[in-house]
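Below, each chain spelled out in residue letters.
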Amino acid sequence: MIQTIVLGLVLGGVYALMASGLTLLFGVMRIVNLAHGAFMIIPAYIAYFLFTTWGVDPFVSLVVTMPTMFLVGAAVYRFLFPRLEGSDRYSEMTVLLTFGLALVIEGFLGYFFTGIFRSTTPSYATEAFLLGDIIVPRGQLYASLASLVLILMLWLFLRFTKMGYAIQALTQNRTAAQIVGVNVRRVSTVSFGIGIALAGAAGSLLSYLFTFYPGQHWQWIALLLSLIVLGGLGSLAGAVVGSLLLAVLSALVSSWLGATWSPLTFYLALFLILLVRPQGLFGTQEAV
Amino acid sequence: MVDAVTHDGPPAEVPLHGSSRSRLWFGLGLLAFLILLPLSRSLVGGTFNYVMQMATISLMWVTLATSWNLIGGYAGYISLGNNVFFGVGGYLAAALLVYQGWSPFLVAPVAGLVGMALGVVVGLITLRTRGPAFIIATIALLLMSTLVFNNWELVGGTNGLSLPLPAFSRDWVRVPFYVAMAVIAVGSVLLSWKVAHSKLGLGLRVLAQDETKAEVLGINTRRYKVIAYSLSAIFPAMAGSIWGYSLTYVRPSVFFTIAIAAQMVLMAIIGGRGTVAGPVLGAVLLVGVNELSVARFGSSELNIVVTGVILVVVLIFFPLGIVGSLRQHRRLPRFLDWD
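Listed in order, the protein sequences are those of chains A and B.
Under the numbering used here, the residue at position 213 of the first sequence is numbered 218, and the numbers go up by one with no gaps.
Under the numbering used here, the residue at position 22 of the second sequence is numbered 188, and the numbers go up by one with no gaps.
Hints in this document: simulated from the structure, not taken from any laboratory.
Watch out, some of these pointers could steer you wrong.
Estimated spans, in silico, between C-beta atoms of each pair [stated by the list, open to error]:
no.: 1; chain 1: B; residue 1: 388; chain 2: A; residue 2: 7; range: 57 to 65 Å
no.: 2; chain 1: B; residue 1: 454; chain 2: A; residue 2: 177; range: 43 to 51 Å
no.: 3; chain 1: A; residue 1: 117; chain 2: B; residue 2: 190; range: 46 to 54 Å
no.: 4; chain 1: B; residue 1: 193; chain 2: A; residue 2: 281; range: 42 to 50 Å
no.: 5; chain 1: A; residue 1: 133; chain 2: B; residue 2: 457; range: 28 to 36 Å
no.: 6; chain 1: A; residue 1: 224; chain 2: B; residue 2: 196; range: 35 to 43 Å
no.: 7; chain 1: B; residue 1: 325; chain 2: A; residue 2: 72; range: 39 to 47 Å
no.: 8; chain 1: A; residue 1: 92; chain 2: B; residue 2: 499; range: 23 to 31 Å
no.: 9; chain 1: B; residue 1: 325; chain 2: A; residue 2: 177; range: 49 to 57 Å
no.: 10; chain 1: B; residue 1: 383; chain 2: A; residue 2: 68; range: 55 to 63 Å
no.: 11; chain 1: A; residue 1: 215; chain 2: B; residue 2: 199; range: 46 to 54 Å
no.: 12; chain 1: B; residue 1: 368; chain 2: A; residue 2: 281; range: 56 to 64 Å
Here are a few chain A residues that face chain B, going by a calculated C-beta distance under 10 Å [to be verified]:
no.: 13; residue: 64
no.: 14; residue: 68
no.: 15; residue: 112
no.: 16; residue: 215
no.: 17; residue: 238
The C-beta atom is built at its ideal place from N, Cα and C for all residues, glycine as well.
With the sequences and hints as input, model every part of the structure.
Below you can see the structure in the form of structure tokens.
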């Protein structure tokens, strides 16, 4: 039991990193980014090729994947999203737009890299150590710790920098932020970039934690949506708590019913939360 | 989204006779074409089965896109999981054929009713949410169904079920499927037309624009939405029964993929959401584009890219779709104006 909970927790940190980018995009811009999973698979391939070609450690590859994905995200936002602004169902249009983006990314990845299951294999990926009589997988622990550090850095950035203030202002009230002089277009572009850069970091870690292939992003996005819906759409703290909770829960389900059914935890949780408490644990009513 | 029913300027009080006549002739012409198509055998010779197959596929997509439009277009509730009903219909007919020996042609109407009942149940649950939350709920529904059918031993898990070959002569083997699919497609378009010209359709369009105002007007929005959702499940379930039989197998990857959901949405949006003719036009157009892109790129991953690019371009530049945009510029030919 405790063993299962530990196994859940060490994955939960990574889920939290993945979910933090997604929840940031929704909070700041009301964009439900269905391409988030696809944006994670791209850096996973980058990390994979850095590792197989030059033996670059997945953690070191963060230095490449995060800036790359930041630029990709900023460019995608700048070129595509402003044209949708002003349509009276902006949120829904962004869902369809990012759905299209996800298909484009999936198709290109599949075309260039085929559907082969891949993963990087640094030595620590399969190692574990004992804490008392509990097995702690080394690779997953490292990934979770790195994730929590990145989330902490994101929080500090939002809390203590000028750009961070501007992003928070947009989250609270877009129009009011514009009135007090926030350059909405620029701040939105930067936040989209940051959101996708976080997906970039998640992709690097994902490259050795899981096997991946182009079509896998649908499973990821469903999982991530359930995490941020549970935490409350747009809430960073909610994303972290939701991730840890559901990661533990799914680890428990998989130890009771077998690994096949553990994804069902996420889908059912998503359904139940949307029905019972659509605003999630930490969300506000108007965000739904 | 700008709703397609919004008319600028004077309301389009269509003079009934002159225009409805051209529409009627166009409709009858289409129907005659559908009926006469199987007689083209002597004309097209060896490619006859291919022609029938393509026509069946087109009609299947017409059914799926038109049905999606009832909830996604008229009511403005974008569902990315409506192929669940398509799959349930396919599996129901397949299982009854394998275990009971019942012909899917006879089971199809039953599948339609089962689809409708399922639509009520699912609708009562998912339609409690709106906007992005509804879209997310429908994706969850689809992935949940995929998981269940992938692991359900009775219907063969990921391998699905193999169906016995129908005992038709080889030259005419595609025709029964074509006829059945044509009946289903015509039924779905008639339903769409009927809904568009009913109180239900009017209520749906009102709540698509502003749900709170619709409620204030006394429209039981919840009931309207659930009805629209269950209606949108009938014909896809029927189409699924016929489609599985014509493939001679059912498998989760045939029905329960997000790519199929994407195509349904895309066709309706390209043609024009919330219009009767739009999804029909979009379906035929996109089947053509897919066929071309398969011929050009092979059935590779680039087809997915093509679908995605078209979706992005249409959303950004023509959110009203073909029919909607033409109407906005008052260029819509009378015979396509079925609303």
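**Item:** Violated hints - listed by number, lowest first
**Value:** When the structure is compared with the hints, numbers 1, 5, 12, 13, 14 and 16 turn out to be violated.
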